[in-house]
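J.: Residue numbers (the working numbering), protein chains in the order written: chain D, 1 to 440; chain Y, 1 to 440.
Among the hints, a few may not be true.
Unchecked claim - Which chain D residues face chain Y? A few, computed with CB under 7 Å, are given here:
hint	residue
1	86
2	286
3	338
Said to hold, decoys possible - A few chain Y residues that don't get close to chain D, going by computed Cβ distances all over 12 Å:
hint	residue
4	2
5	41
6	46
7	203
8	232
9	416
10	420
By construction, these hints were calculated from the structure, which means they are not laboratory data.
Bear in mind the structure is a predicted one, so any value in this text is a computation, not a measurement.
Virtual Cβ for every residue (Gly too), placed ideally from N, Cα, C.
There are 2 protein chains.
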Amino acid sequence: MTPPPTVDLLIEARWIIPVEPSDTTLEHHAVAVLDGRIVDILPTADARQRYAAAETVSLTEHVLIPGLVNLHCHAAMTLMRGLADDLPLMRWLNEAIWPAETRHASTTFVRDGSLLAAAEMLRGGITTCNDMYFYPEATAEAFSRLGLRGVLGITVIEFPSQYASDADDYLSKGLATFDAWRDDPLIHFTLSPHAPYTVADKTLERVASLADELELPIHIHIHETLSEINDSLRDFGQRPISRLDQLGLLGPNLIGVHAVHLDDGDIDRLTLHNCAIAHCPTSNMKLASGAAPAARLLDRGLNVGLGTDGAASNNRLDLFREMQQASLLAKLTTGDAAALPAHRALRMATLDGARALGLDHLIGSLSPGKAADLCAVRVSDPDALPCFHPVSHLVHVLGRHDVSDVWVAGRPRVQGGRLLQITNTELLSTARLWQNRLRQ
Amino acid sequence: MTPPPTVDLLIEARWIIPVEPSDTTLEHHAVAVLDGRIVDILPTADARQRYAAAETVSLTEHVLIPGLVNLHCHAAMTLMRGLADDLPLMRWLNEAIWPAETRHASTTFVRDGSLLAAAEMLRGGITTCNDMYFYPEATAEAFSRLGLRGVLGITVIEFPSQYASDADDYLSKGLATFDAWRDDPLIHFTLSPHAPYTVADKTLERVASLADELELPIHIHIHETLSEINDSLRDFGQRPISRLDQLGLLGPNLIGVHAVHLDDGDIDRLTLHNCAIAHCPTSNMKLASGAAPAARLLDRGLNVGLGTDGAASNNRLDLFREMQQASLLAKLTTGDAAALPAHRALRMATLDGARALGLDHLIGSLSPGKAADLCAVRVSDPDALPCFHPVSHLVHVLGRHDVSDVWVAGRPRVQGGRLLQITNTELLSTARLWQNRLRQ
Numbered sequence: 001m002t003p004p005p006t007v008d009l010l011i012e013a014r015w016i017i018p019v020e021p022s023d024t025t026l027e028h029h030a031v032a033v034l035d036g037r038i039v040d041i042l043p044t045a046d047a048r049q050r051y052a053a054a055e056t057v058s059l060t061e062h063v064l065i066p067g068l069v070n071l072h073c074h075a076a077m078t079l080m081r082g083l084a085d086d087l088p089l090m091r092w093l094n095e096a097i098w099p100a101e102t103r104h105a106s107t108t109f110v111r112d113g114s115l116l117a118a119a120e121m122l123r124g125g126i127t128t129c130n131d132m133y134f135y136p137e138a139t140a141e142a143f144s145r146l147g148l149r150g151v152l153g154i155t156v157i158e159f160p161s162q163y164a165s166d167a168d169d170y171l172s173k174g175l176a177t178f179d180a181w182r183d184d185p186l187i188h189f190t191l192s193p194h195a196p197y198t199v200a201d202k203t204l205e206r207v208a209s210l211a212d213e214l215e216l217p218i219h220i221h222i223h224e225t226l227s228e229i230n231d232s233l234r235d236f237g238q239r240p241i242s243r244l245d246q247l248g249l250l251g252p253n254l255i256g257v258h259a260v261h262l263d264d265g266d267i268d269r270l271t272l273h274n275c276a277i278a279h280c281p282t283s284n285m286k287l288a289s290g291a292a293p294a295a296r297l298l299d300r301g302l303n304v305g306l307g308t309d310g311a312a313s314n315n316r317l318d319l320f321r322e323m324q325q326a327s328l329l330a331k332l333t334t335g336d337a338a339a340l341p342a343h344r345a346l347r348m349a350t351l352d353g354a355r356a357l358g359l360d361h362l363i364g365s366l367s368p369g370k371a372a373d374l375c376a377v378r379v380s381d382p383d384a385l386p387c388f389h390p391v392s393h394l395v396h397v398l399g400r401h402d403v404s405d406v407w408v409a410g411r412p413r414v415q416g417g418r419l420l421q422i423t424n425t426e427l428l429s430t431a432r433l434w435q436n437r438l439r440q
Numbered sequence: 001m002t003p004p005p006t007v008d009l010l011i012e013a014r015w016i017i018p019v020e021p022s023d024t025t026l027e028h029h030a031v032a033v034l035d036g037r038i039v040d041i042l043p044t045a046d047a048r049q050r051y052a053a054a055e056t057v058s059l060t061e062h063v064l065i066p067g068l069v070n071l072h073c074h075a076a077m078t079l080m081r082g083l084a085d086d087l088p089l090m091r092w093l094n095e096a097i098w099p100a101e102t103r104h105a106s107t108t109f110v111r112d113g114s115l116l117a118a119a120e121m122l123r124g125g126i127t128t129c130n131d132m133y134f135y136p137e138a139t140a141e142a143f144s145r146l147g148l149r150g151v152l153g154i155t156v157i158e159f160p161s162q163y164a165s166d167a168d169d170y171l172s173k174g175l176a177t178f179d180a181w182r183d184d185p186l187i188h189f190t191l192s193p194h195a196p197y198t199v200a201d202k203t204l205e206r207v208a209s210l211a212d213e214l215e216l217p218i219h220i221h222i223h224e225t226l227s228e229i230n231d232s233l234r235d236f237g238q239r240p241i242s243r244l245d246q247l248g249l250l251g252p253n254l255i256g257v258h259a260v261h262l263d264d265g266d267i268d269r270l271t272l273h274n275c276a277i278a279h280c281p282t283s284n285m286k287l288a289s290g291a292a293p294a295a296r297l298l299d300r301g302l303n304v305g306l307g308t309d310g311a312a313s314n315n316r317l318d319l320f321r322e323m324q325q326a327s328l329l330a331k332l333t334t335g336d337a338a339a340l341p342a343h344r345a346l347r348m349a350t351l352d353g354a355r356a357l358g359l360d361h362l363i364g365s366l367s368p369g370k371a372a373d374l375c376a377v378r379v380s381d382p383d384a385l386p387c388f389h390p391v392s393h394l395v396h397v398l399g400r401h402d403v404s405d406v407w408v409a410g411r412p413r414v415q416g417g418r419l420l421q422i423t424n425t426e427l428l429s430t431a432r433l434w435q436n437r438l439r440q
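Next comes chain D alone, as it looks inside the complex (with noise of 0.2 Å):
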């Protein structure tokens, strides 16, 4: 009789939500987990005979998911958290974040804030983020130390900051950190043009030539507002998709973030060249531009992930908000309460992320092969009681409180809803640090 193989750990759950295959829920079930991939899932009775397991972890009350795929996040503006409601988009850039990023912005200010943010995505199930911001190499380190799988923006504006000079010198900045980080299991990269408003044609091209080469996803934000739409109109003669179009950057490696004011013709380029959109619900509420039309969005195939934004207009980092944001707002603007139910809104926030960052051979599902990102929630609160259908539980009941662990490749990052990496007193002087600074 052969000995039964080894595993790393298995993890034993009440429920398991593997995604895919669609509207599936697995009662009593086991991941088997093994150099940071899963190599199995089956009936926890079975798992127990067929492997033997240098470590098991006893979910009993508990439903076990993908970790979450945060696919449009501001990291560092954790430390802007609240700084400026109740202001307009333009009003909110102009007269209070970018005053204070051009105080305050530096590797130390990233580094930092990157790290509250890693620390309250972790905590909340998100176990990789998409991020845009300057210093991509701060958020790196951040991320790296706190074991977020980060996918970091090869940033470009086409406005000077302290951390550049021109378009040139982001890329060439941004190019330089891509080299020193590509071989990190955790890292990757997209090219992140900020927006069409604030890049030029000449770089947007660059930009795609770039993408072309290094095979690597675009990530910006696109028709957020409709001034952004008049503007490029009076600015350009065409609507910024349109541009983009023109300039070469429409294809499936494309994050369109945003996307809340499209006209059939948007949605039609969009899906021609099978576009990606980064849907923000809450950011697109809280700063009045908009609902993105997400459900009409899928039901033209056209794959759309969600995103938080940055903490400064939203004002958490919370993909279980996001989830339940996207169902209730679809419902709302459709005029129908089946429109984005509880499974499609798990899979936006998991398998549909992954596959915008090129990302879903390896995350965004449970199945063998792919890696175990992981993530589990307690329901066994009992302001969570009763629980007929825990999918549906995960959407509109439970949030990121009842996250209980997480696992990053297979390594936990979050034990009992507590982060390993981090204390929290360093967390706090963190916080109050910064905001001591900002308050300035």
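Since the structure of chain D is provided, determine the placement of chain Y on it from the hints.
T.: Showing chain Y alone in chain D's frame:
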């Protein structure tokens, strides 16, 4: 020298937001409580000199606010939390909720469901709940046991149930409950005809005259869906609000719940009669009913409070979420990011709700003479920092999990996040019992 006056309780807080005066945040202030009432609010340093307190609670990193007022709930429906999601209102009622109620509703069902609801609400900072359901005596019993201030509906609907055989029977049973509980200082009442489409003219007239006679508010669902309005036009030749006007129900004591679909004439009538509205944004989005024009109603000077609705259509009894949702939804629907700012949302969830219930002499803001219904919210979770504006944080960052201490009429109900009057074990076994029964 005279000794300092003795108070029962001195609560010292980092911040106090009394709601009235508006836009006021007091720093390092204290609330002095005697015989269940607030007797003073003053700087902490002065309070320590001026009062001898039997007990002092020091909340060094907390915001102290008035206990939240849930202006619309069906507490017992907590047992049906998430029973049937992603369905439109009438299918949800006809295929899921009403059949379950027909099979299960009983004194025990209502008492147990109301107990779970009261626990969830108190732990989330809600100190007053305006409820509408069958068997209000069972809800009164549950609320009273946990020390939640309850406003119970003398409920009437035209169709027979286990609870009552016809409209007269509903009213006489509700009035008997009113008589039994009317002297309880924490139990108040409304007349609660379910909705214009489920209650006949004759009954509505009786309700209006009872409300006059007993000096009670009238609590009724109105204009929740377009079909409700179209059916009324077909059956009565007028819109429901116009019908209620004609039957004598509109007045400052009317609490119209939902009020999603309003034309200019409806708003004029509501304004003319100084009616109050219970805005339930999450429920309205989830059931795809629409978005009530809350910002417009506030601009017209109408009194608009916030309600969670029941857990079967929300699926949380969480007024922190409703504050944020009301603010976000107003920004979205008006296109104005300054619409319904944070302090306004907090006032809707406290003083405006109290005023709608005719209880603003007693609760809804922190001022000497009012009952000590208080909620303390911790601002020390790293996920909530930095914090520049506490009131904005209450609406956009913090949540019910940050509630640490709750008092009703000066008596502690939640301490350090834990309920004092009931164990988690009892709550869990109650929830599981009904989960099993309802699943069958």
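J.: The structure should be examined with respect to each hint, and the outcome stated for every one.
T.: Consistency of the hints with the structure:
no.: 1; hint: 86; verdict: holds, 4 Å
no.: 2; hint: 286; verdict: holds, 6 Å
no.: 3; hint: 338; verdict: holds, 5 Å
no.: 4; hint: 2; verdict: holds, 42 Å
no.: 5; hint: 41; verdict: holds, 25 Å
no.: 6; hint: 46; verdict: holds, 26 Å
no.: 7; hint: 203; verdict: holds, 29 Å
no.: 8; hint: 232; verdict: holds, 19 Å
no.: 9; hint: 416; verdict: holds, 15 Å
no.: 10; hint: 420; verdict: holds, 14 Å
Checked against the numbered hints listed earlier, the structure breaks none of them; every hint is satisfied.
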